[in-house]
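Starting from the known structure of chain A, fit chain B with the ligands onto it as the hints suggest.
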Amino acid sequence: MSIIKATDITKTYNATAVPVHALNGINLEIEKGEFTAIVGPSGCGKTTLLNILGGLDHPTTGEVTLAGTNITTMQDGKLIDFRLKNIGFVFQAYNLIPVLTTQENVEFIMLLQKRPKQERDARALELLTQMGIADKAGQRPSQLSGGQQQRVAVARALASKPQFILADEPTANLDSHSTSSLLDIMAKMNKEEGATFVFSTHDQRVIDKARRMITLEDGQIISDEKR
Amino acid sequence: MYFTLAWRNIWRNKRRSYITIASITFAVMLACAMRSVQLGSYERMIETAARFFTGYIQIHKNGYWEDKTIDNSFSYTEDLIEKVASVEGVIEVVPRIESFALASFEQKTKGTMVLGIDPEKEHKLTEVKDKLVEGEYLKSDDQSIMIAKGLADYLRVGIGDSVVLIGQGYHGTNAVGIYPVSGIMKFPVPEQNNSTIYLPLKEAQWLYATGDQLSSLSLVIDKANHVDRIVADIGKDVDLEAYEVMGWKDLMPELVQGIEIDNISSKVMIWILYIVIGFGMFGTFLMMTAERMYEFGVLLSIGMKRIKMQFVIFLEMALMASIGVVAGVMISLPFILYYHFHPIYFGGEMQAAIEDFGVEAAYYFSVQPSLFYNQAWAIFLMAGILSLYPLIVIHKLKPVKAMREN
Ligand SMILES: Nc1ncnc2c1ncn2[C@@H]1O[C@H](COP(=O)(O)OP(=O)(O)OP(=O)(O)O)[C@@H](O)[C@H]1O
Ligand SMILES: [Mg+2]
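Residue numbers (the working numbering), protein chains in the order written: chain A, -2 to 224; chain B, 1105 to 1510.
These are computed hints drawn from the structure, not numbers from a lab.
The structure presented is a predicted model; accordingly, all values stated were derived computationally and were not measured.
Incorrect hints may appear among the rest.
[Stated by the list, open to error] A few chain B residues facing chain A, derived, Cβ under 7 angstroms:
no.	residue
1	Met1105
2	Asn1113
3	Ile1365
4	Gly1407
Cβ atoms here follow ideal geometry from the backbone N, Cα and C, with glycine treated the same way.
Chain A extracted, bound-state conformation:
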């Protein structure tokens, strides 16, 4: 069974005089363990799609089923809880809580899940080591480079072993070196932990590392290729 299933998703923004049809009938299934890039020109609807898949926004029509649960009609409080338990998020930038240290940021979700301290510490340290930033455990986000911050964000997303991780342009603010090392780490976590990643990007180097590429244009899927 697919872990993400989107059926006939449309999204129309009515904020302006002319309604914007950001998504026009998206049908999509993603399996556990996939490493998928969503690509397409600016304004094609990547962010909108990821937000809807992550339950951060509601589709105008259509349904999203995550790990067998239809989240489209879920009420706000349940949805927040569902996200906490099932989805890891990495955003373009400023993902981290500025007043918490690297380690505390990674532990944060486990803390919200009320995991015991020992488990939190062990898991955070394990992830930070895998990310190559264990030496930064006690530092605040403002003392880290953009690339290091994104690695902490990935570590946080992975910390509670969610069903899948959604990342909207995680490398957009990074230089090419940081971009490739972040992608390497995501690929490694995909292999080692079996973590399912869905990320959007316009960056060709990122696209090259993806094992499945879904291309959007004007709110529609125009190609879907596995490699």
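For chain B with the ligands alone, kept in the frame of chain A given last:
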């Protein structure tokens, strides 16, 4: 953890938080000091009036208070005294005769208030011995008077001079006497200082031809705030048809009312102060919320419940308010304590000018605990109301929108 988060969030913008906390501290300090002086002046007024003049409780013949004449007096009976004295909290029962007389010396005459007292018991009630500035304190079988300083100055009498008292005695008899001045007393309350004459009780009973009658029994009690209970207890034992038992609030209704009115205006002042400070606090809370919209969006996305976010924000505001309140109280407390034990007295022209208004020229500081925790309540109430704003913002927050707005 939430506490750590809140604590660190406060210090994200150190300068802003310092200013906010300092403004709360300042407001609390000012409010504590203002209230302390205010309540201190009330306590002093009540004390000078009740403690040093009427006593906290008085017993009269029923109807005396409505019509304060020498005719409305009652017999001194051991039975009555015993009943009253046996009530818990009553330390001393002080008999008095009170009436008016014209006092004359050479060319000067003035209306005066004559108090026939048991000198030793009276001292226990009003510490009047300490008011003596010249001459000697009365003994119970003296045939002389003590006179208040203001009155003595007006009449131009000194120790040894003889003053003529003319008044009306029991059932219309003439009350005329001539008494040497044996002592001069100085009272802080001008009204009292300008009109009081003390006479031994027996001599006063003779002057006013009352026999063994008294106008009042004033009570020395253990604690000022036991008044109501003691009044009620006495009411159970004595015949309320024959006697009236009154607490200081009934004895001095104008004073009580005056204090209440003054107290309201003082509270309004404090609230204006707090509202001004409140705007400052609100500004801070507003910024603390506005600049973190993106962060709130992230937190909501990754699955932090709204109520937990609200709790952290609330904690931040409560912490800032608490620090301000604690600092304000801690800073003002030593000063207030110091001045409580060392009241500020005005001298010279200032004293004369203030005393012209009929009040004592001094600042007394109260240390009632309520004056401190009322400031705490006021600040917490305000912080509570103001923190509704961020709580509502978080309640309505949509993750996508919050993260877009940054
Ligand atoms: N809140 C909104 N209100 C109105 N229109 C919106 C809103 N969010 C997105 N849109 C519109 O929807 C379309 C899709 O936007 P979206 O952000 O999903 O594109 P994107 O593929 O992520 O672009 P980019 O690569 O630039 O991030 C755009 O035309 C955008 O202007
Ligand atoms: Mg986008």
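Quick rundown of the hints versus the structure:
About 6 angstroms separates the beta-carbon of B:Met1105 from the nearest beta-carbon of chain A, less than 7 angstroms, and the hint is met. Nearest Cβ of chain A to the Cβ of B:Asn1113: about 6 angstroms, under the 7 angstroms cut. The hint holds. Given the 7 angstroms rule on beta carbons, the hint for B:Ile1365 is violated: about 50 angstroms separates it from the nearest Cβ of chain A. Because the smallest distance between the Cβ of B:Gly1407 and any Cβ of chain A comes to about 3 angstroms, under 7 angstroms, the interface hint for this residue holds.
The structure is inconsistent with hint 3 alone, although it conforms to all the rest.
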